[in-house]
Amino acid sequence: MKKHFPMNHVIGFLLSIALTLFALFIAFETDFTTNVKLWIIGAFAIFQALVQLIMFMHMTEGKAKVANIINISYSVFLAVVIVAGSIWILTTGHAAH
Amino acid sequence: MKLDEFFVTGDPLILGSQIAIGLTMVGLVVLITYLKKWKWLWNEWFTTVDHKKIGIMYIIAGVLMFFRGGVDGLMMKAQTSRPNMEFLDAQHYDEVFTTHGVVMILFMAMPLLIGIINVVMPLQIGARDVAFPKLNALSFWTFFVGAMLFNISFVIGGSPDAGWTSYFPLAGSEFSPDVGNNYYAIALQIAGVGTLASGINFIVTILKMRAPGMKLMKMPMFSWTTLVTSVLIVAAFPIFTVALALMTLDRIFGAHFFTVAGGGDPMLWLNLFWLWGHPEVYIVVLPAFGMFSEVIATFSRKNLFGYTAMVVSIVAIAFLSMLVWVHHFYTMGNSAAVNSVFSITTMMIAIPTGVKIFNWLFTMRKGRIKFTNAMLWALAFIPNFTIGGVTGVMLAMAAADYQYHNTLFLVAHFHYTLIPGVVFAVFAGLYYWWPKMFGFKLNEKIGKWHFWLFVIGFNLTFMPMFFVGLDGMSRRMYTYSESTGWGPLLGISAVGSLVLAAGFAALVYNIYWSFRYASRDIGGDPWDARTLEWATASPVQEYNFAITPQVTDHDEFWLMKKQGRNTIKKEDVKDIHMPSNSAIPIILSVAMGIVGFFLVFEWVTLAAIFSVLIIGGLIANSFDYDDGYHIPAKKVWETEQKWRGDL
Ligand code: HEM
Ligand SMILES: [Cu+2]
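Heads up: the protein sequence lines correspond to chains A and B, in order. Using our numbering, count along the first sequence one by one with no gaps and you end on 97. Using our numbering, count along the second sequence one by one with no gaps and you end on 647.
If you are wondering where the hints come from, they were derived from the structure by calculation, not from laboratory data. Just to be clear, a hint being listed does not mean it is correct.
Straight-line distance between alpha carbons at most 30 Å, and here's what the computed DSBU-like set of lysine-lysine pairs gives [claimed, not checked]: (1) B:Lys208 / A:Lys63; (2) B:Lys208 / A:Lys65; (3) A:Lys63 / B:Lys218.
To spell it out: a stretch of chain B is covered by chain A in this simulated footprint if at least three of its residues, at any positions, have a beta carbon under 8 Å from a beta carbon of chain A; those stretches are [unchecked claim]: (4) 257-271; (5) 326-335.
From chain A, some residues computed to sit far from chain B (all C-beta separations above 12 Å) [as the list claims (entries may be wrong)]: (6) Thr34; (7) Met57; (8) Gly62.
In this text, a Cβ means the ideal position worked out from N, Cα and C, and glycines have one as well.
The shape of chain A in the complex, shown without the other chains (with noise of 0.2 Å):
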């Protein structure tokens, strides 16, 4: 098998420390309120979360590549089902008034 420069990795790294550094800078050094970067950083952390599954993890990759997809697609399916689906029910009945 030809070796090849690690290209993918070197991304995924610089990626991977470029987001947390942002993270961080978004939770020290602005004015948002603690909600605005709750969002904020839970979307970078998202986006981290599909760096690392494609660079590192190979999730597109090798034999098994749509299985892994299904995978995974299914686990986000079941947590959004699951965790979104219970603030939805829990928060808006009539014990939230």
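Position chain B with the ligands against the provided structure of chain A, taking the given hints into account.
Frame of chain A, contents of chain B with the ligands only:
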């Protein structure tokens, strides 16, 4: 704690059971010792990793638990058979419906289905065992220990009494200070470990161990439903694990996840419980659908109509089943938007289910139907389950559910889905696959008694409940006055439950009769069936297949028979690698049971000390380098000659 608090005292019924349990245990020990069977039991069963034997143990446990849960059901029916009955008091009735619900769903339906899956699925896909045989044994033993721990509650310490749903705040330690609800939290946790492991085991088995040529879309329908059910198990059971762990922390360690006073929220328990609980009912019903598909195809002597539509609808049902849980608590005070969305998703489930019903009907159309017992159960399933389904759509409408909620209408509805959907399926599956497990068929004539008594009894028992429910009788009501006018209907229902019980007795008699007298000379394929499990001997040889079959299409075994490929050649037979027995699963599970028992009584220090056993078992397991043994080709060939005869 004093001894008279430890054992439940003061109720003649319970004293009777205590004596009966004690005598049975002593009797069993004496009998086994007398027959010198301990060694045999240990070597052949308790330490086995063979998927077929594990499956059989699951089935035996499931049938026993069906008996236990059934007796609970009969007791409730006796109590409400006439106005102002004084057979059970309120407390006892509460305990009985709680244990009935838990036992029926978790210790009857689940093990019977997992048991049949264990026996059949590896054979259907042409595999020699499941992917992780030792883990499979651990699954069984954790389930069994969990079930036993739960079952001793009624003689030691007292049973849980907050319903199978165990809603907070009632199930919290403030309102249920006794140990009963600890049993619920701990025993279900232990059994849950096993179920989750089974789910993972089955997924890996199906994805990795299918015979060459068996594409997923050529896999028999029962194996498909097993795959989808297992995915649902892996998705849903961890939610229950977490919920039970939080319950344990609340009850035993003083946390307040579910109590308002401490900043918790009892509604969170409802939410988590049903996030697991709804998928759970599909976990039990999907394999049942798979069994009906096999039985209907075999006895209509046609291939399954609309295979692809069937697969798509199973997947659709599984997907939707994660999105409907709120329909169990529309009345909790959710916003209108929440209730509307969940009403719609719930009604949508009726669509793929309807597709399946029509596929079964079209499979039978123009088929040469053979009315065997297995087929009778499948036929009875369709109309009875449809009643359950239609009343389900009624309950799905949130606005209407404010009327139906927590009435006997609901109780009738879910028995109309669970009994035809699971119990009929298990009966169909048992009659159908019995020869594979034991090498003889169950008697068809006694089976007819079983069938008619059970189906008639079932309808007599549960049909009246719809009407008293609509008339306002709420569920879990242990008594009512004459003036309600419910007496006659509930009386009929009680008589019905006796007919139902007679049906069960006929099954037991059938097993006994067939064990003694049925013909052992039935060959590998007594039903002229279509899928690979029938390409083996009856009972199945320990290595399943002498040669791994090559699959070309659906209903491979049918093609093999038509094309004369159902033979093997001596030179193709090789040594077969088999996994060795292991004592670790049973020891580890018993250790979990002991720790669990101490936790139930909140003896935390003792529990901590004995946890060392569990950790020790895990460590011992990682040093277990045994990688099995080989059955020599010569022996395989001899075994094959013996059952194939003509080689
Ligand atoms: C064998 C015949 C059966 C009879 C006579 C029977 C009877 C009953 C009765 C009388 C109740 C309580 C109604 C009330 O007062 O609220 C009940 C509840 C229940 N049954 Fe059954 N049942 C049977 C089989 C089953 C099966 C096969 C399942 C499940 C697979 C099942 C699951 C449940 C559940 C989950 C509850 C609710 C328990 C609770 O309220 O917490 N039953 N049954
Ligand atoms: Cu549901």
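For each hint, the structure was consulted:
| no. | hint | result |
| --- | --- | --- |
| 1 | B:Lys208 / A:Lys63 | holds (13 Å) |
| 2 | B:Lys208 / A:Lys65 | holds (15 Å) |
| 3 | A:Lys63 / B:Lys218 | holds (21 Å) |
| 4 | 257-271 | holds (count 4) |
| 5 | 326-335 | holds (count 5) |
| 6 | Thr34 | holds (20 Å) |
| 7 | Met57 | holds (19 Å) |
| 8 | Gly62 | holds (15 Å) |
In this structure, none of the earlier numbered hints is contradicted; all agree with it.
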